[in-house]
Every structure is written in C-alpha cells, then in structure tokens.
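Enquirer: Single-letter residue listing:
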Amino acid sequence: MAEQIIFYLLAAVIALFSVLAVTAKRIIRSAIYLLLVLLATAGLFLMINYHFLFTVQVSVYAGGIMIMFIMAIFLTHRPGEDMKRKAVGKINYPALLSIAGAAFCGCIIVNNVSRAYNYLKGGEIGMRDLGHAMLGIEKYQYLLPFEAISVLLLACVVGAIMIARKEKEKEKEKEK
Amino acid sequence: MIMDYTIFILILPLLSFLAIGLSGTALKPRNAGAGGTVVAGLVTLLSYYTAFDYFTTQNVNGVWQSVTPCNFTWLNVGEKLHIDLGIMLDQVSVMMLVVISTVSLMVHIYSLGYMKGERGFGRYYAFLSLFTFSMIGLVVATNIFQMYIFWELVGVSSYLLIGFYYSKPSAVAAAKKAFIVTRFADMFFLIGILVLSYYTQTFDFGVLIPGDASLFGPALGTTFMGVSAMSWAMALIFIGGAGKSAMFPLHIWLPDAMEGPTPVSALIHAATMVVAGVYLVARLFPVYVGFTPEVLHGIAYVGAFTAMFAAVIAIAQTDIKRVLAFSTISQIGFMMVALGVSTGMGLSEHEHGGLGYMASMFHLFTHAMFKALLFLGAGSVIHAVHSNEMKDMGGLRRYMPVTHITFLIACLSIAGIPPFSGFMSKDEVITAAYGFSTGMGVWMTVIAGLTAFYMFRLYYSIFWRKEYKVRDGRRPHESPRSMTIPLLFLALLTVAGGFIPFGKFVTADGTQYIIRLNVTVAAISVSVALTGIGVAAYLYRRDNAYPAHLAKGFGKLYRAASNRFYIDELYLFITKKIIFNGISRSFAWFDRHVIDGAVNGLGRATLRTSQAIRGLQSGSVQWYAWVFLLATLLITLLAIW
Amino acid sequence: MNTSLEAVPLQAFLIVSLIMFFAGIYGFFTRKNMIMMLISIELILNSVDMNFAVFNRYLYPGEMEGLFFALFAIAVSACETAVAIAIVINVYRRFGNAEVNNIEQMKE
Chain A
1 MAEQIIFYLL AAVIALFSVL AVTAKRIIRS AIYLLLVLLA TAGLFLMINY
51 HFLFTVQVSV YAGGIMIMFI MAIFLTHRPG EDMKRKAVGK INYPALLSIA
101 GAAFCGCIIV NNVSRAYNYL KGGEIGMRDL GHAMLGIEKY QYLLPFEAIS
151 VLLLACVVGA IMIARKEKEK EKEKEK
Chain B
177 MIMDYTIFIL ILPLLSFLAI GLSGTALKPR NAGAGGTVVA GLVTLLSYYT
227 AFDYFTTQNV NGVWQSVTPC NFTWLNVGEK LHIDLGIMLD QVSVMMLVVI
277 STVSLMVHIY SLGYMKGERG FGRYYAFLSL FTFSMIGLVV ATNIFQMYIF
327 WELVGVSSYL LIGFYYSKPS AVAAAKKAFI VTRFADMFFL IGILVLSYYT
377 QTFDFGVLIP GDASLFGPAL GTTFMGVSAM SWAMALIFIG GAGKSAMFPL
427 HIWLPDAMEG PTPVSALIHA ATMVVAGVYL VARLFPVYVG FTPEVLHGIA
477 YVGAFTAMFA AVIAIAQTDI KRVLAFSTIS QIGFMMVALG VSTGMGLSEH
527 EHGGLGYMAS MFHLFTHAMF KALLFLGAGS VIHAVHSNEM KDMGGLRRYM
577 PVTHITFLIA CLSIAGIPPF SGFMSKDEVI TAAYGFSTGM GVWMTVIAGL
627 TAFYMFRLYY SIFWRKEYKV RDGRRPHESP RSMTIPLLFL ALLTVAGGFI
677 PFGKFVTADG TQYIIRLNVT VAAISVSVAL TGIGVAAYLY RRDNAYPAHL
727 AKGFGKLYRA ASNRFYIDEL YLFITKKIIF NGISRSFAWF DRHVIDGAVN
777 GLGRATLRTS QAIRGLQSGS VQWYAWVFLL ATLLITLLAI W
Chain C
818 MNTSLEAVPL QAFLIVSLIM FFAGIYGFFT RKNMIMMLIS IELILNSVDM
868 NFAVFNRYLY PGEMEGLFFA LFAIAVSACE TAVAIAIVIN VYRRFGNAEV
918 NNIEQMKE
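Residue numbers (this note's numbering), protein chains in the order written: chain A, 1 to 176; chain B, 177 to 817; chain C, 818 to 925.
A few of these clues could be false.
[Claimed, not checked] List of simulated lysine-lysine pairs, DSSO-like, C-alpha gap at most 30 angstroms: (1) B/753 <-> B/352; (2) C/849 <-> A/25; (3) A/166 <-> C/849; (4) A/139 <-> C/849.
[Stated by the list, open to error] Part of the chain B face toward chain A, derived, beta carbon under 10 angstroms: (5) 802; (6) 805; (7) 806; (8) 809; (9) 811; (10) 813.
Calculated directly from the structure, the hints in this document are not laboratory data.
In this text, a Cβ means the ideal position worked out from N, Cα and C, and glycines have one as well.
This is chain A alone, in the form it adopts within the complex (with noise of 0.2 angstroms):
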C-alpha cells in the first residue's frame, strides 16, 4: 500500500515536471524542473532496493550534472532573457510524433509485458558483493569497463578543458 502511495507521488512529480522542463520558457526554470526529476528518479531508485544507483544518482547526476549546467547556463545568457521557442508550423509535428509515438509504445507494455515476465522475489544487494563485482575480473565482473570509464572520464576532462579555454589575450599582444 505504502509503496503504491510514494511510487505514484513520484510518478507524477516525473511525469509533471519533465514536461514542464521542455516546455519552460526561462531556462532557469527548465534547469530546476530537470533536477526535480532527478531526485524523483533517485527515489524511485532507492524505492527498488538500489541503493548504490540511488547514491549514485543523487551525487553524480543531480548534483554534479546540474550544477554544471546551471554554471553553463549562467556563462552562456543574458540573465533573465525569454527563451524563444522554435517557430511552430500549423501542425506541431513534433508533439504530433512524440503523443503518437508515446501511445504506440505505451500500448505495446501495456499488452505485452505482463506476458513476458513474472515478478521474482530478490533480496538486497550488498555493497560488499557490489564491490567485489566492480573490481572484479571473472565473468560478469566489471574491473575492465570500470578502468576504461575512468580513461573516459580523463579525455572528457582534458577534452572540455582544451575545448573551452580562451585564447590568451596577453600573449597576442607582446606578439604585436
């Protein structure tokens, strides 16, 4: 019973607001509805008993994510502009497609996936055999991807530095 309760509040704060995060006129206000459904994300995580995903999800995406949007955000705006939305024909083909499509895809779980799967019953995971699988490297351990997402993030880092940094000013002009 409980469970229904929170899983349908948290339903419907991610339902609400992802809509309203595309369809926000200041872009500030997109930003927020967008951390509003992590969390509610994170919950629904935390509510299927992962909660190493739910950590996760809290400090690395609605936390880390979102601040550098919001600093991105602030570097790249006027503060307090409008945003304008793209010029709209007389069919919005977009919304057309993405209510069409989401009523294909609904009718689709709606009828099948209840054929396709019984519920099991599973305990929690612990962090002791998470940890293991992580840094492990038998089959179906995850030391190997675990290395080379870090590579990854390395690249990324270096990559937006070099990618972002300014010219310097101050050595073009005792070239000149």
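Chains B and C: place on chain A using the hints.
Expert: Just chains B and C now, kept in the frame of chain A:
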C-alpha cells in the same frame, strides 16, 4: 631441325624495318638505303641457298616433300583449334621465296637511284623491309590463320607505301582506297577461314592439304542456301584472294595504286603482293580441286572475264603506269584461269589434270620478272621525262639505250614471243585452257593477242612514234647505274627463265614433269602475238592519224574503256548515295538523338534529383535527429510486423 | 528493509520512463537553445537508466548487469555533458548566443 636457318629469312627484314624505322632522322639516308639493301641482299642469298638446299635434298621417290623448320603455338582457341606461327617450305613456297627476294633486292638497288634526294628516304626503306617481311611470312605460313595475319600486314605495308607521298591528296586517297577495298575482301576471307575451321577444327595446312573426305565430311554435308558449307568457305576464301589480286569487281584499287613511287609499284603491285591471291588458291589447291571443283570453275570464269576486261581497258589508257597496271590485272587473270581449269592434281605423260597448276605457277614466276622489269623501265623513263603521259614521250630510244633494250625484251616476253620466258609460261596456260574447253582456249588466245597489241602500243609510243621535244634544254639521259643494273639483271632472268625446267620443281602433287611443247597451240599463239605486234607497229611506229580515226570509229566503246568502264563511278555512287546518305545518315541521327540523348538525359535527371534531395543535408542537428527517429520508428514497425 | 514490490507492476515503471523519454524527444526537436537540447538529452538518458534498473530488479533480481549498465551510463553521460557544454561555451563566444542554427553550415 632441318633447314632452320630459314628463320633468318623472316627475321632479318623485320629487324631491318625496326632498326631503320625507329632510328628515324638519326640515320643518314645513304646509310638507311645501304642498310636496307644489304639486308635484302642477305635475304636473297639465303633464299637462293634455301632453294638449292630444298631442291637437292627433299626429293623422296620423285615427290617433293614439305618441310617445317619451325612451328610454335601462338594462341589456343577452343579445345582443338590453335593458331601457330611457323615456317613451312614446300616447292611452291620456296619458289615464291626466290621470286620475292630477287625482286625485292632489285627494287632496293633501283630505289637507291630513283628515290635519291626524296624526303623520307629512310622511311621508304623501312617500309620496304616491312613489306618484304610480311610477304615472306605470308608465303611460308604453316596455317591459314598465320597467312591471314601476314595478309593484313602486307595490306598495311601496301597502304604505307602507296601513300608515301602523303602530302599529295590523290596519293592519300589511293592508299585509303586500296586498303579499304582489300580490307573489305579480307572480311570475306576471314569468314571463309572461320567457316572452314569450324568444320575441320584446324587451321593447319599440314592437315588441310592432305585432307580427305572424313575431314571435310561435316563441311560438305551441311548446306546453306543450297550450297555446301565447304563451297561457301572456299568461295569466301577466294573472294579474299580476289581482293588482293585485283579480280573484277575488286580491281578498282590497283590502277589508283600507281600514285605510289614506281619501284613500289614494281615490287608490290606487279610481282609480289598482287599474286598473293593466286598463291592462296594454289596453297589450298588440293582442297579446291578435290572437294569443291565448282568453285574452281567459278574462279576460272572470274579470271577469264577479268583478263579480257582489263586488256580492253589497257588499250585505251594514256598513262604508262596505268597501262602496266591493267596489264598486271590481265596477267593475274591468266594465272587464275590456269588454276581454275585444272581438273586434278596429277601431271604426267598420261594425266594432264594438274597442268593448269604448274602453268599458273610458272606464269607467276616469269610474270614477276618481266613485269618488275617493265615497271622499273617505266620508272626509268618517268625519271628522265618527269611525266607519266605517253604524249610527253616518244623517240626515247636514242637517249636511253639500256632502258630501251630491256623494255623491249620485257615486251617481247609478255607478248609471248619465243624464246623468252613469257612465251613458255603463257603457252602452258593456254594449253591448259584448251584442255578445259575450246571456248576458254580461244578466249585466252584472243586476250594474248590484245596483250601483245597494247604492250607494243606502249613500247612504240615511248621509244619510237615521234621525236622527243627537248624542253628547257633538258635532254633526257640514261638512268644512273643503280637503276640500270637491276634492269639488266631482270632482263637476263626474263630471257633465261623460260628454260628452267619448271615442271621438275613445281607441280601440284610434287611429282616431276617435263614440259612438252604443244606445237599447235604454240603456233597459234605466236601468230596471234605477231599479228598484235604488227597492228601496233602499223598504228604507232610513226606518228599518224590512224589511231585517232580508230578511236573515233569505236566511239562509245573507246570512251568507256578510257574511263575504265565507269566502275569507279559506280562504286562512288553506291557508297556516297546509298550507303552514306541512306544508311549512315539515319544511324548518325539515331546516335545523336537517341544515344546521346539518353546519356544527356541521364545527366540532367541526376542533376534534378540531386537538387531535390539537397535539403536532406541541411546541417541542422535537429533535422538529422528527426530523420534518424523516423527511420528507427519505421524499422521498428517493420520488425514488429 | 525488503519492500515487496508485488504491488507496483513493471508496466507502471515503464510508463513513467516512457513519458520521460518522449518528453525528452519533444524537447530535442522543439528547442533552439543548445542547452535546452542538452537538457532534453539528459531526460532521455535518465529514462533509459531507469529502464535498465527496473528490468534488472524485476526480471533478474540476483544479477547485477542492469545495475552496472545504469551506473556506467550515468558516468558516460557526465562526460558527454562536460564536453558538450564546453562546445556550447565556444559557440557562445563565437556567435554571442548559444543557438543551434548558428552551426548549420557544414564545412565543405
């Protein structure tokens, strides 16, 4: 291998052609001429030695054997057919080797004097060597396809040499005409070869010549439009030969070919290339006489008609080289008739079926000598007088004694006066013609009379008729030694050649035959010849008005003969009006509008399509994502269904 | 604490992630500002993560593949966001605004 030095007879002229041709202007003309002549001399010596070697060693039981010093497979076509390249020596090819190399050497020496100072001297000698190579390759061919290859090469050499003065439009046109006409005939030749080889599965002469009914059975059995495939093949092959040998109606190129330098006319269009057709029929003679005698009869009729036709035209020509050209056509007609009237291969005291073959080959041999002599003599005259027309000549016997005497000897020979070689060979031809039918014999005798007439008309017009008008103080003088020595040598051969016991060497089946003189035939032909000479002397020895009266008397006939019976005009009409206008124009229209239109249309369509789909590459990320999404949905839908 | 999840069916989770997904798609196509497009992409990625986690929980409760996939996807998304924002900043510096029709010209 026996007699494998003969490969040098082929290779030396080829090397000479490459060396002289590729060195171009780096080689001084004098050296080019000397080099070419030396090579020709070597080839001649080798040919004589080959003949000596062959005729003293290759006799087995009184039959001449065919020797194949080398033969290697060049190309494999199909499972059993293969094209070889090699050398085959038998009595006919050895004789041809002697003829070709002798005349070629004479022409080489003669050209040292005649072509002196001409532009392209080196090129000339290169082409002469090429021609020698090609002609030798043709006569020593071991299989019919090799013969065809060298046949084409000979045609190319002829084209190059006729069009030697390439800045003269008439020469260029003549070269084109020669090449196209012979090429047209060669198309039939090729079809004939293919038909024959399809049924017999071989190109090789060694298999075809002793071929028997089992080899030709399938060819004889299949009929097409009522005639057996074999006859078709042999007739088509003959048409190819007729083109090269200027038989009616493919003779039109030979008179025009006189645009080339005179030594070229002597070598190619008198002695050697034009007899290639005769050689071809002689080569395949056992097949013709054994399996398709009706084609052989056809050959005889064609030859007879051509001989008469050409003789009549020669009477009315005023250009001395044209007279000689038509005389050549006529004499080749004789050779073809001689081959055509043969009824068998055997030649002995009892059997005379193969007389025609032997006579034809004998006449080929002697004709080469005296015709080359005639042409070289004419060249000497032209060199002195700087004109080809009879009206510019006359009384030249005072100024050019050597040329005069040698020319006279040649004329006597061609007219058939004993004891010159022409009499011997022509006699055999006419005897063979009588053996076929009296009508044919009479026909050929009449032509012999005409021959004597027009040849002496030519002789008297050049050397007697009227006194030579000395223009600009330039008196005609005798030609330099380089030109007179060949004349003398050829005159010697003309005189002595008649006494060669030809039957001992060249007969259809290889057995030896001693030539007998048929007194009746000889008497008739000599008297006819003397009559001809007499009439010519009467009309032309001294300048008088009789010839003009006679010409007026014959009226239309004379004009027609003088215009070569309008055959050239007929050809021009057919090609220009019918082929070019009718057929070519529609094809050209089709090509321009349909084919080009299709290609252009394709280009335009592509352009339009590309304009239309340019929008797909808009550069906008969202547009790309759109397309991406749509495509994914489409695929999903497809997958589900 | 083990919560029994018989009460909440799998389809419910899937519908939620579906809504998030199509909202993200709508936003991606409709917005001109590049940051807005990035936000939409985040929505899409988030919905995918949720899908993975939920499937893992409901169908293979003993296994951890889905969990790890979601984990790594979050990490990758972080990297990609960083680089994308760097690019957006560059575009802003060049053009004065961060709109996507500035970069439509493909270099030939």
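Enquirer: Closer than 10 angstroms between Cβ atoms is the bar; does residue 809 of chain B clear it against chain A? Give me holds or violated.
Expert: holds (7 angstroms)
Enquirer: Against chain A, is residue 806 of chain B within 10 angstroms by beta-carbon distance?
Expert: holds (8 angstroms)
Enquirer: Once the shortest beta carbon distance from residue 805 of chain B to chain A is found, is it less than 10 angstroms?
Expert: holds (7 angstroms)
Enquirer: Once the shortest beta carbon distance from residue 811 of chain B to chain A is found, is it less than 10 angstroms?
Expert: With a closest approach of 14 angstroms, the residue 811 of chain B hint is violated.
Enquirer: Min Cβ distance, residue 813 of chain B to chain A: is it shorter than 10 angstroms?
Expert: This interface hint holds because 9 angstroms falls under the 10 angstroms limit.
Enquirer: Between residue 753 of chain B and residue 352 of chain B, is the straight-line Cα distance small enough, at 30 angstroms or below?
Expert: Since the Cα atoms of residue 753 of chain B and residue 352 of chain B sit roughly 19 angstroms apart, the hinted pair holds (cutoff 30 angstroms).
Enquirer: Would the pair residue 139 of chain A and residue 849 of chain C pass a check requiring their Cα atoms to be no farther apart than 30 angstroms?
Expert: This hinted pair is violated, its Cα atoms lying about 45 angstroms apart.
Enquirer: Are residue 849 of chain C and residue 25 of chain A close enough, with their CA atoms no more than 30 angstroms apart?
Expert: The given pair, whose Cα atoms are some 12 angstroms apart, holds under the 30 angstroms limit.
Enquirer: Can the hint on residue 802 of chain B be confirmed by a CB-to-CB distance to chain A that is less than 10 angstroms?
Expert: holds (8 angstroms)
Enquirer: Mind checking the alpha carbons of residue 166 of chain A and residue 849 of chain C for me, to see if they're no more than 30 angstroms apart?
Expert: Given pair residue 166 of chain A, residue 849 of chain C holds - Cα atoms ~25 angstroms apart, limit 30 angstroms.
Of the numbered hints stated above, those contradicted by the structure are hints 4 and 9, listed in ascending order.
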